[in-house]
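Engineer: These are the residues of each chain, in order.
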Amino acid sequence: MKCVKCGGKAVINMPHHHMGLCKEHFLAWVPEQTERFIHKYAMFTHDANILVAVSGGKDSLSLWDILHQLGYRAEGLYISLGIDGGVNYSAESLRLTGQFAAARGLKLHVVDVQAESGRSIPEWVQADLRGKGKPCSVCGLVKRHEMNRIAREFGFDVLATGHNLDDEAAVLFGNTLTWQSEYLLRQGPVLEATEGLARKVKPLCRFYEREMTAYALLRGIEYIYDECPYALGASSIQYKELLNQIEHAHPGAKHAFYLNFLRARDGGLFASRESVTPALHPCQRCQQLTSAPDLCAYCRMLKREADGPGSQR
Amino acid sequence: MVKLIYRKQEFEVRPGMALVDALKKIQVLPEGVIATRNQEVITEDEILKDGDEVKLIAVISGG
Numbered sequence: 001m002k003c004v005k006c007g008g009k010a011v012i013n014m015p016h017h018h019m020g021l022c023k024e025h026f027l028a029w030v031p032e033q034t035e036r037f038i039h040k041y042a043m044f045t046h047d048a049n050i051l052v053a054v055s056g057g058k059d060s061l062s063l064w065d066i067l068h069q070l071g072y073r074a075e076g077l078y079i080s081l082g083i084d085g086g087v088n089y090s091a092e093s094l095r096l097t098g099q100f101a102a103a104r105g106l107k108l109h110v111v112d113v114q115a116e117s118g119r120s121i122p123e124w125v126q127a128d129l130r131g132k133g134k135p136c137s138v139c140g141l142v143k144r145h146e147m148n149r150i151a152r153e154f155g156f157d158v159l160a161t162g163h164n165l166d167d168e169a170a171v172l173f174g175n176t177l178t179w180q181s182e183y184l185l186r187q188g189p190v191l192e193a194t195e196g197l198a199r200k201v202k203p204l205c206r207f208y209e210r211e212m213t214a215y216a217l218l219r220g221i222e223y224i225y226d227e228c229p230y231a232l233g234a235s236s237i238q239y240k241e242l243l244n245q246i247e248h249a250h251p252g253a254k255h256a257f258y259l260n261f262l263r264a265r266d267g268g269l270f271a272s273r274e275s276v277t278p279a280l281h282p283c284q285r286c287q288q289l290t291s292a293p294d295l296c297a298y299c300r301m302l303k304r305e306a307d308g309p310g311s312q313r
Numbered sequence: 001m002v003k004l005i006y007r008k009q010e011f012e013v014r015p016g017m018a019l020v021d022a023l024k025k026i027q028v029l030p031e032g033v034i035a036t037r038n039q040e041v042i043t044e045d046e047i048l049k050d051g052d053e054v055k056l057i058a059v060i061s062g063g
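Heads up: the sequence lines are chains A and B, in that order.
Sequential numbering of the first sequence, starting at 1, is according to our numbering.
Sequential numbering of the second sequence, starting at 1, is according to our numbering.
Derived by calculation from the structure, the hints in this document are not laboratory data.
In this text, all values refer to a predicted model and were calculated from it rather than measured experimentally.
Here a beta-carbon is modelled for each residue, glycine too, at the ideal position from N, C-alpha and C.
Please note: incorrect hints may appear among the correct ones.
[Claimed, not checked] Derived coverage of chain B by chain A (criterion: at least 3 residues anywhere in the stretch with Cβ under 8 Å from a Cβ of chain A; other residues may be distant):
{"hint": "1", "region": "5-17"}
{"hint": "2", "region": "39-45"}
[Stated by the list, open to error] Below, simulated SDA-like cross-link-like pairs (lysine to any residue); rule was C-alpha separation at most 20 Å, straight line:
{"hint": "3", "chain 1": "A", "residue 1": "2", "chain 2": "B", "residue 2": "47"}
{"hint": "4", "chain 1": "A", "residue 1": "5", "chain 2": "B", "residue 2": "57"}
{"hint": "5", "chain 1": "A", "residue 1": "9", "chain 2": "B", "residue 2": "16"}
{"hint": "6", "chain 1": "B", "residue 1": "24", "chain 2": "B", "residue 2": "50"}
{"hint": "7", "chain 1": "A", "residue 1": "23", "chain 2": "A", "residue 2": "3"}
{"hint": "8", "chain 1": "A", "residue 1": "5", "chain 2": "A", "residue 2": "18"}
{"hint": "9", "chain 1": "A", "residue 1": "23", "chain 2": "B", "residue 2": "57"}
{"hint": "10", "chain 1": "A", "residue 1": "9", "chain 2": "B", "residue 2": "44"}
{"hint": "11", "chain 1": "B", "residue 1": "3", "chain 2": "B", "residue 2": "50"}
{"hint": "12", "chain 1": "A", "residue 1": "9", "chain 2": "B", "residue 2": "49"}
{"hint": "13", "chain 1": "A", "residue 1": "107", "chain 2": "A", "residue 2": "141"}
{"hint": "14", "chain 1": "A", "residue 1": "2", "chain 2": "B", "residue 2": "36"}
{"hint": "15", "chain 1": "A", "residue 1": "9", "chain 2": "B", "residue 2": "52"}
{"hint": "16", "chain 1": "B", "residue 1": "25", "chain 2": "A", "residue 2": "245"}
{"hint": "17", "chain 1": "B", "residue 1": "24", "chain 2": "A", "residue 2": "245"}
{"hint": "18", "chain 1": "B", "residue 1": "8", "chain 2": "A", "residue 2": "231"}
{"hint": "19", "chain 1": "A", "residue 1": "2", "chain 2": "B", "residue 2": "44"}
{"hint": "20", "chain 1": "A", "residue 1": "23", "chain 2": "A", "residue 2": "4"}
{"hint": "21", "chain 1": "B", "residue 1": "8", "chain 2": "B", "residue 2": "45"}
{"hint": "22", "chain 1": "B", "residue 1": "55", "chain 2": "A", "residue 2": "225"}
{"hint": "23", "chain 1": "A", "residue 1": "23", "chain 2": "B", "residue 2": "45"}
{"hint": "24", "chain 1": "B", "residue 1": "8", "chain 2": "A", "residue 2": "226"}
{"hint": "25", "chain 1": "A", "residue 1": "9", "chain 2": "B", "residue 2": "1"}
{"hint": "26", "chain 1": "A", "residue 1": "23", "chain 2": "A", "residue 2": "13"}
{"hint": "27", "chain 1": "B", "residue 1": "3", "chain 2": "B", "residue 2": "51"}
{"hint": "28", "chain 1": "A", "residue 1": "9", "chain 2": "B", "residue 2": "30"}
{"hint": "29", "chain 1": "B", "residue 1": "8", "chain 2": "A", "residue 2": "5"}
{"hint": "30", "chain 1": "B", "residue 1": "8", "chain 2": "A", "residue 2": "87"}
{"hint": "31", "chain 1": "B", "residue 1": "25", "chain 2": "B", "residue 2": "44"}
{"hint": "32", "chain 1": "B", "residue 1": "8", "chain 2": "A", "residue 2": "225"}
{"hint": "33", "chain 1": "A", "residue 1": "2", "chain 2": "B", "residue 2": "18"}
{"hint": "34", "chain 1": "B", "residue 1": "49", "chain 2": "B", "residue 2": "16"}
One chain only, chain A, in its complex shape:
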């Protein structure tokens, strides 16, 4: 296969874009497209102070790399989850993230979940009903809380995550299976700030996961290859595998699924935002916004822990 730009040897074929690109042109194309999506969805400007949530994985480190190349002011946030899983998962991902930041002279904030909440993620999974059988659920809750807390405490304008199109399509697929209309309305490249919640953006939301893997490999970004030990059997991975089967039979299907959803949502297909968005108010403990009457889900989890056995829902 030849590069559509120079006729050289292609390193990646992207049937949904009807093109293949060589290493040089692919490594230029990804940042160019990222910049295009940042503008298209009005994510942020060059004046913004950006906090990038980094996990040591290919997507978040690539995002940080791209923003740095594009000249944005982006600091990193690594949340140490305390996961070992026989592969030293958290320690190794922190090592790779620290190495990435140091090599580029970038500032990295590190938050330790155990120090902040009293327990590591594996301990919360064992201790709390929310975690039983659903470790990704409790992990997601803790990470969202900490990302929002740090973004607000340090006065960042925006929180950027490395979600790619496959991540977004998998979430969309899951929410469509169960017709979670509120979640469907909230899903998109930008989640605007509200009082108590930082603005969140996903600059990689238009790239396939395969493209981000190729980008990380071709840029020589050392990332953690091992999957999180708790992600085994996760619904999101099952959905991604299903979507890839559809993509294989119908190239461009994932791209169309996500983009047509965004158009449909913006066109008012589902419902007006006001009609389905629940009233949000500050959590009585941490002040982050919640739809619950008193405490947010994170603080309820901490309270159950403080109250001891018998306080579970």
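Got chain A sorted already, so can you dock chain B onto it with the hints?
Structural biologist: Chain B in isolation, oriented as in the chain A frame:
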């Protein structure tokens, strides 16, 4: 023979086959991997030669 390595498993296919056909033979979707040979990323139409060792890097992550 050509060696394919995917998720710590090794597979062998005959040389002269395109990567896309080799992936089909071992039942791996091209959409789920990036292939490297001698640490260089290759596309699915690449013809595999005798003695090649191709690493298939899984692209799906999540949870």
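Engineer: Which numbered conditions among the earlier hints are violated in the structure presented, ordered from lowest to highest?
Structural biologist: 1, 4, 13, 21, 25, 29
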